[in-house]
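Protein chains in written order, with our numbering: chain B, 6 to 416; chain X, 6 to 416.
These aren't lab readings, by the way, just hints derived from the structure by calculation. Hints should not be assumed to be uniformly reliable.
Identical copies carry no separate label here, and so any pair may be met within one copy or between two of them.
Stated by the list, open to error - Calculated lysine to any residue pairs in the SDA-like style (CA-CA distance at most 20 Å, straight line):
| # | residue 1 | residue 2 |
| --- | --- | --- |
| 1 | K383 | R321 |
| 2 | K257 | G285 |
| 3 | K383 | I208 |
| 4 | K383 | R11 |
Number of protein chains: 2
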Amino acid sequence: MTTAVRIDASRLWQTLQTFATFGATPGGGVTRLALSEEDKQGRDTLRAWAQQAGFHCEVDELGNMFMRRPGLRPDLAPVMVGSHADSQPLGGNYDGIYGVLAGLEVLRTLNDRHIQTERDILLVNWTNEEGARFAPAMLASGVWAGVFSRDYALGRQDRHGISVGEALHHIGYAGERAARAQPLHACYELHIEQGPILEAEGINAGVVHAAMGQRWFDITIEGFAAHAGTTPMNLRRDALCGFAELVLAVEKIGKQAGDDGRATVGMAQITPGSRNVVPGAVFCSVEFRHPELQVLNEMEAQLAQALDTLRQRNLRLLSEKIFDYPPLNFDAGCIRRIEKAVHSLGYTQRRMVSGAGHDACYINRVAPTAMIFIPCVKGISHNEEERISPQWAEGGANVLLATLLLAANES
Amino acid sequence: MTTAVRIDASRLWQTLQTFATFGATPGGGVTRLALSEEDKQGRDTLRAWAQQAGFHCEVDELGNMFMRRPGLRPDLAPVMVGSHADSQPLGGNYDGIYGVLAGLEVLRTLNDRHIQTERDILLVNWTNEEGARFAPAMLASGVWAGVFSRDYALGRQDRHGISVGEALHHIGYAGERAARAQPLHACYELHIEQGPILEAEGINAGVVHAAMGQRWFDITIEGFAAHAGTTPMNLRRDALCGFAELVLAVEKIGKQAGDDGRATVGMAQITPGSRNVVPGAVFCSVEFRHPELQVLNEMEAQLAQALDTLRQRNLRLLSEKIFDYPPLNFDAGCIRRIEKAVHSLGYTQRRMVSGAGHDACYINRVAPTAMIFIPCVKGISHNEEERISPQWAEGGANVLLATLLLAANES
């Protein structure tokens with residue numbers, strides 16, 4: 006065993022369970038949409054907990070909350086840690102909020118042990134990471150990192166026409182401070198994996214060294230709607246049969262792109278969509294993810310080939326790239342500290358790539374950043390059934406603590 | 006050239022165009038739903054035309070209209086001819102009504118030529134063939150043929166909760182006469198093909214000797230919804246990829262079943278249907294049609310095999326047969342008269358199978374019946390773009406006239 010400092014596992018678990026009551030659903034998850042009453046409950050509680058632990062809480066103009074544990078050297082750039090407290094509708098109890106509350110637990114542990122760090126540690130709760138109420142996702146960390154303008158973000162509306170600005174005022178979280186990046190020594194986001202790898206491999210900690218690039222396409226396949234009883238097979242221009250070939254081609258593209266390849270058709274609308282009519286058109290999405298730009302380019306080229314093949318069916322094809330998000334590498338120094346910390350705890354680890362977007366992906370544009378993943382059951386997330394074990398929660402928070410102690414004591 | 010009697014082509018075309026004003030749509034088609042105000046306009050006009058030509062019009066309790074041209078021998082069973090005047094929403098100008106108005110033109114021609122037949126000729130307009138307003142299709146001919154009960158049919162409701170019985174009273178077509186089969190010597194239904202074969206082969210008349218059997222299935226494919234970014238390809242249980250394999254398997258089943266094979270997936274619902282979620286479930290329809298029971302059995306067995314194959318993807322499959330309508334053969338004597346009539350006119354003909362359901366399919370259960378098809382442009386039907394040429398309309402009516410003269414003069 007090692008002599009590393011450990012967090013209080015039962016306090017962390019209790020804190021997580023208490024927070025899961027804010028927006029709790031009958032199905033055992035939460036609906037805590039950004040800037041909702043449930044989000045306000047959670048924010049108020051988080052601020053109260055931070056203040057009880059002696060940390061000042063500042064709120065910026067996008068509602069991002071920054072709770073500071075001062076270090077010995079206010080002249081040095083602080084270390085940031087955090088994630089988000091908002092959830093998907095019928096979402097899980099750990100996505101986002103685990104990273105915030107594990108950060109709080111780390112700060113509480115430092116208090117308990119009377120540990121002074123050289124640098125300030127800033128615990129952050131980013132507004133509207135999910136994008137479920139206000140599109141796009143990672144809105145407020147995006148403003149902070151200069152990806153979106155403040156006015157763009159404040160004007161984004163939910164489906165009832167309520168803007169981010171209005172919602173912030175309504176729940177009392179429209180702060181004064183500008184939502185603008187400040188110098189950071191390092192930034193860490195601890196998160197559940199939301200995928201099945203760590204659990205399947207029995208590994209404590211994922212050291213996230215990169216995030217996948219994403220390319221999203223809108224595809225329209227046009228054939229000709231015809232009577233299913235009177236139209237012989239050889240005279241049909243069945244858009245759904247073309248779509249079926251496309252789906253299998255996309256799957257093949259994903260499998261050929263290696264372990265980190267992702268290729269998904271998630272949505273399709275069939276027209277006219279009647280039992281006894283040969284489908285005349287299909288509108289669908291295709292998305293590719295991969296950590297290497299070169300591979301993404303190849304996947305896109307293979308998609309074009311697959312679409313070309315469909316023309317043999319006398320189908321008309323339209324393809325539009327609607328989203329192109331480049332792959333990113335997290336900071337090598339931030340990664341090294343995580344690996345050292347995991348090692349010091351005697352835990353198992355593996356490097357991995359984030360397939361999902363996270364606030365850390367934007368912060369990485371303006372400050373040295375990396376992420377830590379912990380396992381979650383069967384990779385289930387964005388779902389009321391999202392689960393983690395108390396041991397997994399404890400392990401991740403211990404890794405975060407050890408990592409922060411390394412980063413915050415560098416002069 | 007032959008000396009066969011011919012109908013008045015320009016009067017027929019004018020009659021068709023006038024009738025197409027009842028429920029005319031901006032797109033050049035009609036919306037003349039069963040028992041609607043537009044249907045009433047059409048019915049009133051049809052009855053007026055029939056009465057002007059000296060034919061008595063009787064209406065039964067299902068609103069079926071019977072217009073009689075008496076023959077010399079009222080003791081002999083009559084010959085029936087007709088189809089339906091209702092349309093699909095945004096339907097075409099010829100589906101159904103062509104068979105009614107060509108029948109009227111035949112009776113008018115017999116008047117003009119002072120031709121007496123031995124047997125009465127009954128022109129019929131069946132209520133609610135399309136099933137678009139009141140499910141199921143062929144409702145009133147079904148009652149007449151004993152397939153459905155009178156009370157079942159009168160109680161069928163449209164999506165506003167209005168029953169067939171109420172709608173009949175509302176437009177004044179709830180007749181006294183029982184909707185019950187009477188002895189017929191022969192029954193003919195003339196209809197547009199609603200498929201592309203006759204036009205493609207340049208043939209005047211399709212002699213419909215059979216109607217396909219139909220088997221409809223509800224299929225549910227269950228996998229597991231997962232994050233499209235974090236779930237590796239080899240750990241997915243993608244219901245949509247399984248569905249894609251099923252669609253291509255169904256297409257192959259149809260192609261292997263020969264020229265008369267039909268296999269269609271027309272409808273699918275994908276859950277959750279989000280761009281960045283691996284689909285967890287797909288609900289879809291599969292339908293097969295073929296004129297031979299044995300082949301339908303083989304198609305069904307091949308479907309079961311295709312579903313079995315999907316289990317290799319670790320998908321759960323549910324299949325339910327929701328509709329099983331056996332193939333039918335039309336009456337050999339009725340068919341022979343058509344072939345003789347076409348030959349006498351010097352027209353081209355081919356035997357064919359109806360892939361769609363028609364009122365004649367039910368009448369065939371209680372009386373000797375057959376159908377005549379004429380070409381329609383590109384096989385387009387149930388569509389405002391449904392078109393036929395005046396020459397095709399004329400040819401079909403001439404065939405009907407010659408056929409009826411044969412049938413109605415048999416003693």
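State whether the alpha carbon distance between K383 and R321 is at most 20 Å within one copy, between copies, both, or neither. between (40 Å within a copy, 18 Å between copies)
Since the copies are identical, ignore which copy is meant and state whether K383 and R11 lie within 20 Å (CA to CA) inside a copy, between copies, both or neither. This pair counts as neither: shortest intra-copy Cα distance 27 Å, inter-copy 76 Å.
As a check of your reading, is K383 near I208 (CA-CA no more than 20 Å) within one copy, between copies, both or neither? Cα proximity of K383 and I208: one copy only (13 Å, versus 62 Å across).
If the cut is 20 Å between Cα atoms, do K257 and G285 qualify within a copy, between copies, both or neither? This pair counts as between: shortest inter-copy Cα distance 19 Å, intra-copy 25 Å.
Comparing the model with each earlier hint shows a violation of hint 4 alone; every other hint is respected.
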